[in-house]
Amino acid sequence: NILLNWEAIAMREGMPVASDIYLGIMMVILVIEAGRRAMGWPLPIVAIIATIYALFGPYFPGVLGHGGFPLEELAPFQYLRTDGIFGVPLGVSASFIFLFVLFGAVLSVSGAGQFFIDLSLALTGRSQGGPGKAAVVASGLMGTVSGSSVANAVTTGAFTIPLMKEAGYSATFSGAVVAASSTGGQVMPPVMGAAAFIMAQFLGISYWDIVVAAALPATLYFISIIAMVHFRAGRRGIKSLTEETAPKMGKVLKEGWHLLLPIITLVVFLAYGYSAVKAVFWSIIIMVGVSWLGKAQYRMTPKRVLDALISGGMGAVEVAAACACSGLVIGVIGITGVGLAFSSFVISLSGGVLPLALFLTMIGSIILGMGVPTTAQYIITSTLAAPALFQMGVPLMSAHLFCLYFGVLADVTPPVALATYAAAGIAKSNAIKTGFTALVTAMAGFLVPYMFVYNNHLLFQGNLLQIAFSFGTALMAIIGLAAGVQGYYFSVLSIFERVLLLIVPFLLIEPNIITDVIGLVILVSVYLLQRRKAAKHAKEKTVSDAAQS
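Residue numbers (my numbering): 517 to 1065.
The hints are simulated quantities; they were obtained by calculation from the structure and are not laboratory data.
Treat the hints with caution; some may be incorrect.
What the hints assert, rightly or not - Simulated restraints on C-beta separations:
hint, residue 1, residue 2, range
1, ILE1029, SER722, 32 to 38 Å
2, ASN1028, VAL833, 45 to 51 Å
3, ILE780, PHE962, 29 to 35 Å
4, GLU760, ILE1030, 49 to 55 Å
5, LYS811, LEU571, 53 to 59 Å
6, ILE1029, GLY853, 54 to 60 Å
7, ILE883, TYR575, 21 to 27 Å
Note that beta-carbon positions come from the ideal geometry of N, C-alpha and C, so glycine has one too.
Hey, can you work out the whole structure from these sequences and the hints?
In structure tokens:
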């Protein structure tokens, strides 16, 4: 109808005829059903609630109340306006996201998943608690091209969780690490769960600017999980892989070096200012070509190309359904003005105090992100919550990334922690217990967004010295957090030492020379105490061994 009658529809904008109303109602129903089939009920329920809110506005109390919109006005608005179903999210899905989902599918069919796991084991397997660190790195690498934390957890967890359990990690902790790492993949450039493309459109900046801004926070998140794994391994006495079981770096690169070329191509094209579409298009072409340099089982034969197209198509349909369903919510936010009401509500409830406003936004983003794909939760949370933060002086980039982070972290936040449940199924552990362990493991993810809101140098804003100093203080904060949570630094921490280390992150959230120095002094002091304790323990052990001999 739109394709054939677009001129007539444009001429009568605001004056819908019967066919516009009926087709609009049908389209809304079909989009909700498509969303249900693609991703289950959570997002469609949000869309249904939004529709009810638009229809029955006069019956809602206080600032939520509005004049209401009859069905014959709401349905054509959602169907024919670019504020509804066919809005920015669905347009970005068709223009950008499809190709990146296809790129991920081609990489997967070409054996990239196994290569990433082998590369991770070669990099970290020989260090303390190596299998756990390999799980983190593998999930991060898969996250660079994956659009789903659940898919990431299943793909990497099937191999890394049994390896972690064999090394001595508990089933609960193994599942938690994979869930937390896989969830972090949704904020890892360049794909960022496909939300980066929509963010670029919303902010009116280039996609590459989003990728650069997100790099340091994502790096801090993954370093924090590696630190959690490292300290847990130290506390439990978990060793590294043996030389026989750890893959050799030379062999891994010899067999899979060609799989890095498409990713390098993508980054280089984007860095040189080429459009995201052109960059990913040539990356896909190169991937198909270089696959013939690898093992026969992963070469992109016509059948494997077809498999990649089917897999990519299915993934793209899921994202498109999520974007269309989100469009219904955005349409309601726009037509009712509830976005402005929500912003006023947050500012009013927080009393204009930024930390409280950030906390309220965090809670709202987590709730709205539960059970919802990354793209959809970002669209909804950024539309509702980001304007309030912007009005309170938070830069737009920081506000949007803040909403994205906490929407993503819903996947490791019980009770609706989808990535955790997927990982717990593989680990054969209690899902609820694994969920809370994953929440603790991903704790830096709840800290880092506050850091870049108060210090936008972490988003590559400012000169290199400012960026390096800010990254250094943030690194101190997450190391202190990880050690305090796990109760281990160089040896087992006393309760007093743990409390001291857990204070450090809060001292370093906001840039301030006094709090930064205090945080550094605490870290160094605990470090020296730990070294003395370790030296004393080693001396006592030597004396004991000598006495026994």
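That 54 to 60 Å hint for ILE1029 and GLY853 (C-beta), does it hold up?
Violated: the Cβ-Cβ distance is about 44 Å, outside 54 to 60 Å.
Does the Cβ distance between ILE883 and TYR575 fall inside 21 to 27 Å?
This hint holds: roughly 23 Å between Cβ atoms.
Take a look at whether the Cβ-Cβ distance between LYS811 and LEU571 falls inside 53 to 59 Å.
holds (57 Å)
Determine whether the Cβ-Cβ distance between ASN1028 and VAL833 falls within the hinted range of 45 to 51 Å.
holds (49 Å)
Cβ separation of GLU760 and ILE1030, checked against the hinted range 49 to 55 Å
holds (52 Å)
Indicate whether the distance between the beta carbons of ILE1029 and SER722 respects the range 32 to 38 Å.
Given range 32 to 38 Å: holds, Cβ gap about 34 Å.
Does the Cβ distance between ILE780 and PHE962 fall inside 29 to 35 Å?
holds (33 Å)
Consistency note: the structure conflicts with earlier hint 6 alone.
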